[in-house]
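Asks: Each protein sequence line maps, in turn, to chains S and H. So for the first sequence, the working numbering puts the first residue at 1; every next one is plus one. So for the second sequence, the working numbering puts the first residue at 1; every next one is plus one.
Take every hint as true, because none was put in to throw you off.
Partial list, computed: chain H residues near chain S (C-beta under 7 Å):
(1) Phe84
(2) Val90
(3) Gly94
(4) Leu103
(5) Gly106
Here are the simulated lysine to any residue pairs, SDA-like style, with alpha carbons at most 25 Å apart:
(6) S:Lys296 with H:Gln98
(7) S:Lys166 with H:Thr96
(8) S:Lys48 with S:Asp113
Hints in this document: simulated from the structure, not taken from any laboratory. Note that the coordinates shown come from a computational prediction; the quantities given were computed from them, not determined experimentally. Where is the CB? At the ideal position from N, CA and C, for every residue including glycine.
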Amino acid sequence: MLKLDEIQKRLLREVADLHQVPEGAYNIRSNSQSAGRQSTANIEITSKEGVSGLEVRIRPGTKNESVHIPVVMTQSGLKELVYNDFYIGENADVVIVAGCGIDNCGPKDSEHDGIHRFFVGRGAHIKYVEKHYGSGDGSGKRILNPGTEVYQEPDSYAEMEMVQIKGVDDTDRSTKAVLQAGARLVIRERLMTHGEQRALSTYDIVLDGEGASADVVSRSVARDSSFQRFEAKITGNAPGHGHTECDSIIMDQGRILAVPALEANNTDAELVHEAAIGKIAGDQIIKLMTLGLTEKEAEEQIINGFLK
Amino acid sequence: MLELRHISFEVRDDGPEKEIIHDVSLTVPDSRLVVITGPNGGGKSTLARLIAGIEKPTEGQILLNGEDITGWGITERARAGIGFAFQQPVRFKGITVQDLIRLAAGRALSLADACDYLSRVGLCARDYIEREVNASLSGGELKRIEIATVLARGTALSVFDEPEAGIDLWSFQNLIEVFESLRRDISGSSILIISHQERILNIADEVVVLKDGRLTAQGLREEILPGLVGTASAVPECRKVSEKGDAVC
Numbered sequence: 001m002l003k004l005d006e007i008q009k010r011l012l013r014e015v016a017d018l019h020q021v022p023e024g025a026y027n028i029r030s031n032s033q034s035a036g037r038q039s040t041a042n043i044e045i046t047s048k049e050g051v052s053g054l055e056v057r058i059r060p061g062t063k064n065e066s067v068h069i070p071v072v073m074t075q076s077g078l079k080e081l082v083y084n085d086f087y088i089g090e091n092a093d094v095v096i097v098a099g100c101g102i103d104n105c106g107p108k109d110s111e112h113d114g115i116h117r118f119f120v121g122r123g124a125h126i127k128y129v130e131k132h133y134g135s136g137d138g139s140g141k142r143i144l145n146p147g148t149e150v151y152q153e154p155d156s157y158a159e160m161e162m163v164q165i166k167g168v169d170d171t172d173r174s175t176k177a178v179l180q181a182g183a184r185l186v187i188r189e190r191l192m193t194h195g196e197q198r199a200l201s202t203y204d205i206v207l208d209g210e211g212a213s214a215d216v217v218s219r220s221v222a223r224d225s226s227f228q229r230f231e232a233k234i235t236g237n238a239p240g241h242g243h244t245e246c247d248s249i250i251m252d253q254g255r256i257l258a259v260p261a262l263e264a265n266n267t268d269a270e271l272v273h274e275a276a277i278g279k280i281a282g283d284q285i286i287k288l289m290t291l292g293l294t295e296k297e298a299e300e301q302i303i304n305g306f307l308k
Numbered sequence: 001m002l003e004l005r006h007i008s009f010e011v012r013d014d015g016p017e018k019e020i021i022h023d024v025s026l027t028v029p030d031s032r033l034v035v036i037t038g039p040n041g042g043g044k045s046t047l048a049r050l051i052a053g054i055e056k057p058t059e060g061q062i063l064l065n066g067e068d069i070t071g072w073g074i075t076e077r078a079r080a081g082i083g084f085a086f087q088q089p090v091r092f093k094g095i096t097v098q099d100l101i102r103l104a105a106g107r108a109l110s111l112a113d114a115c116d117y118l119s120r121v122g123l124c125a126r127d128y129i130e131r132e133v134n135a136s137l138s139g140g141e142l143k144r145i146e147i148a149t150v151l152a153r154g155t156a157l158s159v160f161d162e163p164e165a166g167i168d169l170w171s172f173q174n175l176i177e178v179f180e181s182l183r184r185d186i187s188g189s190s191i192l193i194i195s196h197q198e199r200i201l202n203i204a205d206e207v208v209v210l211k212d213g214r215l216t217a218q219g220l221r222e223e224i225l226p227g228l229v230g231t232a233s234a235v236p237e238c239r240k241v242s243e244k245g246d247a248v249c
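Generate the whole structure from the sequences, applying the supplied hints.
Replies: In C-alpha cells form, the structure reads like this:
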C-alpha cells in the first residue's frame, strides 16, 4: 500500500480497518507527510494554506460515499498539530473515517493533536468514525489530543463513534457541538485505559434550535492505575432533548471521575444525565465461570462485550 | 453420577444471613431426572450452588463420577461436566444472546445451531439471536435464554434452579416440553431440577424434599409425590400463591 512499511500498515488496519487503498476519497498521513491522497467527483480534499491540515469539501447531495483520513506515526519524538475542516453539503449522506495510530519504540514522546471541524449542511447525514491506537515498547509516551467541533444546520444528522481501546498514554479529548433546529447528534464513545494512562473527555453540546436533540453515551473501562475523567455538558436553549450517559467499569486501582452538567434555558428543553461507575458484577463472572471460563477469561469477555 | 455425602453449609455469624444445610446426603444417578422440592427458604438453591461450586460446604464431600470435587472451583466443575442454570439470570451489557450461547457451547457454533437452542426453549431465534442479554429482555425471556445456555453446554449433569420462577403461563407450557424432551434424551446424563411445580415433579424419576436444610423425604416419584400434592412442595401450575396472595406461576 503506497509507501508504507509493515508497522504503518498494521496501524492503518487498527485505526481504519484498512487492508488496502480505500475506495473513494482518502488522505493517508504518515509521519507528518501525505502518503497518498485521492479526491473524487463529489469529494475534494485539499491542503490547508498556512497551517497543517486538510479541507474536505463534500458536494450537496453526495450519497453513499466515504472519506478516509487516517494518520499513522512511527517516528519517536514527532509532535504535530493538524487542522482538518469538513464541509458537508446539503442533503449529502457520507461516512468519514479518521483515526490515529502511533507506534513509539523510542525514548521521546510522540504526539498528534488533531482539530476536526465539521460543518454539516441542512438535511445532511454523516457518520464519523474515529479510532485511536497506540503500540510500541519505547519509553516515550503516545499522546493524542483530539478536538472535535460540530456545527449542524437544521435537520442534519451526525453520528460519531469514537474509540480508544489500547496503547494511548495520554488523551485530552474535547468535543463541542452546536445544533440548529431539528438537528440530531448521536455520539458513542468507547474507551479503555490501562497502566498509568490518563484520558480526559469533555463534551459541550448546545441545542440551539427547536427540536434539536443530542445523545451522548460513553462506555469505558479503567484498569490498573489509569485515570479517566468524563465531563459532559448539554445546554438546552430551545425545546429539544438531550441525553448523556457515562457507564464505566473500574478494575484494579483504576479511577474514574464523571462530571455531568445540564443547563436548561427553555422550559421545553428536556435534559437527562445518567452515570454509573462500578466494578464488574460478581454474578456476571460466576455465570461465565459456570460455562467453563476461568475468572480471567470471564472478565475479558465481559469487558469485550461492554466495549463492543 | 453425582454424590453428596454428609454435606453441611453454615454461614458465619458476621456474614450475611443465609440458608443452612444440615448433613445432606444425596445421589443423582446417571440417566435419572431428580427434582428437589420443598418450602421456600429450605436450602434448595443453596444446595444447587454448592453443587456448582459457587458456595463451598463447611463439611462433607461432593463426588462426580466417583471423583472428589469438593475442593474444585466453579470453572473446574463446569469443565468436568456440571451445567447450572441460575434462578435469576444474569444480565450483560454488550454480550449478545448468540455470544452467550457460543461461550456456553465452548466452540464455534453455526448460526443455525445457536438458533436451534433458542427454538428449543420456545424463543423465535431470529428475534433474539443478535439481542444483548441486558435489561431490555423480560424476566421470562432471560430465563429461557439461561436454559438455552445449559442445553448448549450438553453437560453430563445439568442443574436447573427453579426454572419456572418468573415465567408466564404460556412460557411454562413450553418449558415443560423442554424438560420432557430432555428427559427423553437423558441417556448417559443426569438432570437435577429445583422446583415446586407439580408438572415438573411429574416427569421426575426421583423426588427429594428439603426442608429447613434437611432432607425429609427421598425416593422414587411414585412413592414421594402422592404425599406432596396440594402442599407448597408440589403446586399445580399457576396455583402457587405468593406471599402477597397473588397467583403466580
